[in-house]
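Chemist: Whole structure, please, built from the sequences with the hints as guidance.
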Amino acid sequence: MKKYTGLDDITDLQELIAQARELKNNPYAYEQLGKRKRLVMLFFNSSLRTRLSTEKAASNLGMDVTVMNFNSDAWKLEFEDGTVMDADTSEHIKEAAQVISQYADIIAVRAFPTLTDKAKDESEYVISSFVKYASVPIVNMESATAHPLQALADAITITELAKKKKPKVVLSWAPHPKALPHAVANSFIGMMQKMDVDFTITHPKGYELDKAVVKDSVVEYDQDAALKDADFVYVKNWSNYENYGKVLATTDSHTSWTITDEKLGEARFMHCLPVRRNVIVTDSVLDGKNSVVIEQANNRTYSAQVILKSILENLN
Amino acid sequence: MKKYTGLDDITDLQELIAQARELKNNPYAYEQLGKRKRLVMLFFNSSLRTRLSTEKAASNLGMDVTVMNFNSDAWKLEFEDGTVMDADTSEHIKEAAQVISQYADIIAVRAFPTLTDKAKDESEYVISSFVKYASVPIVNMESATAHPLQALADAITITELAKKKKPKVVLSWAPHPKALPHAVANSFIGMMQKMDVDFTITHPKGYELDKAVVKDSVVEYDQDAALKDADFVYVKNWSNYENYGKVLATTDSHTSWTITDEKLGEARFMHCLPVRRNVIVTDSVLDGKNSVVIEQANNRTYSAQVILKSILENLN
Amino acid sequence: MKKYTGLDDITDLQELIAQARELKNNPYAYEQLGKRKRLVMLFFNSSLRTRLSTEKAASNLGMDVTVMNFNSDAWKLEFEDGTVMDADTSEHIKEAAQVISQYADIIAVRAFPTLTDKAKDESEYVISSFVKYASVPIVNMESATAHPLQALADAITITELAKKKKPKVVLSWAPHPKALPHAVANSFIGMMQKMDVDFTITHPKGYELDKAVVKDSVVEYDQDAALKDADFVYVKNWSNYENYGKVLATTDSHTSWTITDEKLGEARFMHCLPVRRNVIVTDSVLDGKNSVVIEQANNRTYSAQVILKSILENLN
Numbered sequence: 008m009k010k011y012t013g014l015d016d017i018t019d020l021q022e023l024i025a026q027a028r029e030l031k032n033n034p035y036a037y038e039q040l041g042k043r044k045r046l047v048m049l050f051f052n053s054s055l056r057t058r059l060s061t062e063k064a065a066s067n068l069g070m071d072v073t074v075m076n077f078n079s080d081a082w083k084l085e086f087e088d089g090t091v092m093d094a095d096t097s098e099h100i101k102e103a104a105q106v107i108s109q110y111a112d113i114i115a116v117r118a119f120p121t122l123t124d125k126a127k128d129e130s131e132y133v134i135s136s137f138v139k140y141a142s143v144p145i146v147n148m149e150s151a152t153a154h155p156l157q158a159l160a161d162a163i164t165i166t167e168l169a170k171k172k173k174p175k176v177v178l179s180w181a182p183h184p185k186a187l188p189h190a191v192a193n194s195f196i197g198m199m200q201k202m203d204v205d206f207t208i209t210h211p212k213g214y215e216l217d218k219a220v221v222k223d224s225v226v227e228y229d230q231d232a233a234l235k236d237a238d239f240v241y242v243k244n245w246s247n248y249e250n251y252g253k254v255l256a257t258t259d260s261h262t263s264w265t266i267t268d269e270k271l272g273e274a275r276f277m278h279c280l281p282v283r284r285n286v287i288v289t290d291s292v293l294d295g296k297n298s299v300v301i302e303q304a305n306n307r308t309y310s311a312q313v314i315l316k317s318i319l320e321n322l323n
Numbered sequence: 008m009k010k011y012t013g014l015d016d017i018t019d020l021q022e023l024i025a026q027a028r029e030l031k032n033n034p035y036a037y038e039q040l041g042k043r044k045r046l047v048m049l050f051f052n053s054s055l056r057t058r059l060s061t062e063k064a065a066s067n068l069g070m071d072v073t074v075m076n077f078n079s080d081a082w083k084l085e086f087e088d089g090t091v092m093d094a095d096t097s098e099h100i101k102e103a104a105q106v107i108s109q110y111a112d113i114i115a116v117r118a119f120p121t122l123t124d125k126a127k128d129e130s131e132y133v134i135s136s137f138v139k140y141a142s143v144p145i146v147n148m149e150s151a152t153a154h155p156l157q158a159l160a161d162a163i164t165i166t167e168l169a170k171k172k173k174p175k176v177v178l179s180w181a182p183h184p185k186a187l188p189h190a191v192a193n194s195f196i197g198m199m200q201k202m203d204v205d206f207t208i209t210h211p212k213g214y215e216l217d218k219a220v221v222k223d224s225v226v227e228y229d230q231d232a233a234l235k236d237a238d239f240v241y242v243k244n245w246s247n248y249e250n251y252g253k254v255l256a257t258t259d260s261h262t263s264w265t266i267t268d269e270k271l272g273e274a275r276f277m278h279c280l281p282v283r284r285n286v287i288v289t290d291s292v293l294d295g296k297n298s299v300v301i302e303q304a305n306n307r308t309y310s311a312q313v314i315l316k317s318i319l320e321n322l323n
Numbered sequence: 008m009k010k011y012t013g014l015d016d017i018t019d020l021q022e023l024i025a026q027a028r029e030l031k032n033n034p035y036a037y038e039q040l041g042k043r044k045r046l047v048m049l050f051f052n053s054s055l056r057t058r059l060s061t062e063k064a065a066s067n068l069g070m071d072v073t074v075m076n077f078n079s080d081a082w083k084l085e086f087e088d089g090t091v092m093d094a095d096t097s098e099h100i101k102e103a104a105q106v107i108s109q110y111a112d113i114i115a116v117r118a119f120p121t122l123t124d125k126a127k128d129e130s131e132y133v134i135s136s137f138v139k140y141a142s143v144p145i146v147n148m149e150s151a152t153a154h155p156l157q158a159l160a161d162a163i164t165i166t167e168l169a170k171k172k173k174p175k176v177v178l179s180w181a182p183h184p185k186a187l188p189h190a191v192a193n194s195f196i197g198m199m200q201k202m203d204v205d206f207t208i209t210h211p212k213g214y215e216l217d218k219a220v221v222k223d224s225v226v227e228y229d230q231d232a233a234l235k236d237a238d239f240v241y242v243k244n245w246s247n248y249e250n251y252g253k254v255l256a257t258t259d260s261h262t263s264w265t266i267t268d269e270k271l272g273e274a275r276f277m278h279c280l281p282v283r284r285n286v287i288v289t290d291s292v293l294d295g296k297n298s299v300v301i302e303q304a305n306n307r308t309y310s311a312q313v314i315l316k317s318i319l320e321n322l323n
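The listed protein sequences derive, respectively, from chains G, B and A.
Anchor point for the first sequence: position 233 equals 240 in the working numbering, and the numbering is continuous, going up by one each time.
Anchor point for the second sequence: position 80 equals 87 in the working numbering, and the numbering is continuous, going up by one each time.
Anchor point for the third sequence: position 20 equals 27 in the working numbering, and the numbering is continuous, going up by one each time.
Bear in mind the hints are in silico, worked out from the structure with no lab data behind them.
Predicted model only: the values in this text are computed from it and were never measured.
Heads up, some of the hints might be wrong.
Identical copies look the same in the list; a pair holds intra-copy or inter-copy alike.
[Said to hold, decoys possible] Pairs of lysine to any residue, SDA-like flavour, derived with a Cα cap of 25 Å:
(1) 171 x 215
(2) 171 x 19
(3) 125 x 15
(4) 42 x 86
(5) 212 x 105
(6) 218 x 252
(7) 127 x 78
Modeler: Now the structure itself:
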């Protein structure tokens with residue numbers, strides 16, 4: 008693997024999942040592979056799981072890790088070409104990406120969307136600029152429109168826990184007080200399209216996601232109908248896509264989308280976390296036997312580790 | 008040891024101090040013990056000594072260390088049970104503690120008190136929530152009411168420097184412009200109650216500490232009388248406990264509590280640091296031959312190291 | 008080497024450059040030297056290159072590294088002697104430096120100037136206080152008036168790329184919207200005075216640097232004349248020195264100092280970065296074949312590594 012910025016970088020998903028599961032059983036099998044190699048993790052936004060799991064993954068492979076909170080530790084970056092930099096940006100991404108490449112063997116980047124400028128967000132200007140200008144491989148730790156490490160952890164989790172050959176997986180929207188990105192939903196949809204699952208997306212009318220992502224996946228506006236006989240229910244809020252970044256006025260029909268034991272039935276409850284209790288999902292579901300959110304979080308380590316391993320094997 | 012959140016977790020203090028002193032002489036004797044083990048240090052507040060000494064201690068044991076400033080790096084945590092999380096907290100401690108446990112072998116936490124809500128502070132809701140929900144051992148790097156790593160370093164220091172079998176140790180209040188926690192004083196008192204010392208507490212009337220902490224330790228309101236023939240004088244400010252978190256109007260009698268050479272006499276001067284010069288103590292004392300504050304700081308490493316060692320030895 | 012706070016700490020520059028180039032060819036040759044040694048890097052200001060290159064350098068030598076952003080992670084420091092610390096500073100540098108020395112084998116410090124108080128900046132009170140009170144060697148990661156790690160990287164770069172025995176090197180001022188320190192210019196001048204180069208400084212009248220730094224180096228106010236036949240053009244803005252820390256009203260003659268392809272000719276373009284594109288230098292120069300800024304940044308690793316190596320060899 009030359010980089011991991013989106014699901015398109017995966018050539019053989021089943022092989023990748025199999026290797027991740029082997030790493031989970033034997034995390035230190037490749038601890039010589041990353042020796043004298045350095046992962047520089049750049050955060051433009053907050054992170055808990057991604058930060059800790061990716062650091063652990065790199066460490067399991069013997070890599071050294073540097074974590075930088077870019078906004079507070081370094082200089083404000085300019086991403087536009089040809090700008091006269093006489094205002095508040097101090098360094099251009101062209102230099103920053105090339106310079107960091109002098110000190111890193113792999114660069115991982117987290118950069119959330121603006122949720123105000125759709126075209127800018129969809130250009131993925133931060134991560135794509137790193138890809139363009141860095142001379143080392145780039146890993147996406149959640150960008151404006153994609154969270155491929157999360158999606159791979161989700162694929163590992165579903166593979167581990169599936170009790171039938173072709174489980175029914177439902178992605179359900181749930182309410183949230185703030186405007187959230189589409190990245191997790193987008194990458195989960197893309198991942199389900201690569202897997203042998205019976206996949207349905209459900210959300211209130213008006214919360215349609217990008218058609219280029221949804222493609223021919225089934226969209227069912229009736230949540231109860233969508234959840235019927237589900238094996239896995241992946242719950243996630245996203246803000247409006249058409250009316251970009253907006254949270255539509257919450258109506259009773261929206262608050263009714265909160266996942267309850269009754270709605271979940273015998274399905275497994277999945278969520279990328281952090282999750283707002285009693286807004287997205289009830290305490291009872293989260294604390295119940297069908298919640299697999301902690302195992303999903305655990306699989307973040309092996310998702311990151313298999314990606315870093317694959318990139319390390321292709322260095323030089 | 009299964010955790011170290013308070014002095015109650017110590018079963019054999021003399022043995023612990025002896026082991027710490029052995030580690031001080033031979034810091035790398037156990038550097039295989041922590042191999043492939045990760046300490047995640049979570050800071051909800053500032054730290055210098057605790058941060059650097061605990062990281063060094065873990066590193067001496069061969070552990071990997073991750074440091075997170077939780078407030079700036081991650082998500083705002085909810086600690087209340089049953090809340091509808093539709094406001095400013097993004098993640099519940101139930102998930103956070105379980106998730107971090109997926110990436111850590113030991114979790115260390117620093118979380119200061121509010122100093123405005125006595126009941127909340129005394130519930131030790133942050134550290135006790137980590138103990139309740141995490142699946143790995145918890146170490147207290149100073150909580151609302153206790154600083155047991157500091158107290159253990161202090162015990163090591165007194166043991167090293169005592170010139171008689173049962174030294175006289177005095178804990179003296181000193182003035183400070185801001186409201187400070189009771190944690191250091193509480194843990195020092197608890198530690199002295201476990202040691203074979205002649206122990207006296209002295210402070211102005213009105214600055215009485217929690218009776219459940221002081222128990223039957225001697226309280227002498229006359230500072231001069233208390234300091235007479237002392238071998239060790241541990242100086243520390245704390246804010247009011249009854250009138251919780253308040254700094255009472257400073258009077259001449261309060262400013263007179265500043266420790267001077269004359270008051271100290273031939274006793275050793277101890278302080279946990281940071282210390283305000285010429286408020287808590289004069290320059291002359293701090294820079295003089297009887298100050299042992301730097302050795303106390305040095306012993307923070309071996310205090311943390313013996314605790315981590317003891318916990319590592321009990322990990323499966 | 009006992010410390011590296013300024014160029015005066017260099018005894019044999021040619022030997023140091025030669026060793027740095029050997030480390031560049033064989034970065035892990037001394038990875039046992041720093042085993043069980045810890046570098047504590049203290050940042051009072053932002054950093055990208057210095058932070059990443061110094062961490063990599065220390066790691067190449069087998070050292071453990073702790074990075075602290077002092078302002079946000081720790082306590083506000085007092086530097087004045089004899090102060091009554093009843094205001095906003097919580098810890099005196101005397102304690103802080105001695106305490107950090109308990110946990111570090113080498114301490115590296117970045118602390119920019121105020122640019123408002125010339126006497127205070129020139130006293131180098133931060134770095135000189137660390138030198139005075141710490142019990143371990145101090146490395147300057149850019150102080151109020153000096154950036155000796157950058158200057159050494161620059162010396163390595165010029166040595167590597169020079170095509171003649173005595174190349175012509177020009178330091179040229181360039182415009183910038185904000186007030187910048189003199190540190191990089193000062194240390195570059197000092198370094199050129201130690202090297203066998205034909206050196207010229209050029210800047211608009213009124214931007215004269217400290218005479219104690221410039222000494223008898225050639226100053227040519229006509230930029231075109233200065234740049235004629237140059238082999239290396241080092242470009243850098245600095246704020247006014249006489250009218251301390253001020254940016255004089257920008258005039259046409261100032262904006263004309265921006266480095267262009269025409270001005271540069273066949274010379275190599277050098278800059279310490281971060282650089283403001285189309286203010287300091289045109290896109291065309293920075294993206295062109297004569298820019299060596301990325302190689303300069305790469306050499307920051309070996310500049311730091313040779314200094315740390317030299318200090319480690321002199322420990323104990």
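Chemist: Against each hint, give a clear statement of whether it holds in the structure.
Modeler: Results for each hint:
1. 171 x 215: Answer is neither: 29 Å inside a copy and 66 Å across each miss the 25 Å cutoff.
2. 171 x 19: within (21 Å within a copy, 54 Å between copies)
3. 125 x 15: within (22 Å within a copy, 54 Å between copies)
4. 42 x 86: neither (33 Å within a copy, 40 Å between copies)
5. 212 x 105: neither (45 Å within a copy, 35 Å between copies)
6. 218 x 252: Cα proximity of residue 218 and residue 252: one copy only (16 Å, versus 55 Å across).
7. 127 x 78: Answer is within; shortest intra-copy Cα gap is 19 Å, inter-copy 29 Å.
Hint violations for this structure: numbers 1, 4 and 5, all remaining hints satisfied.
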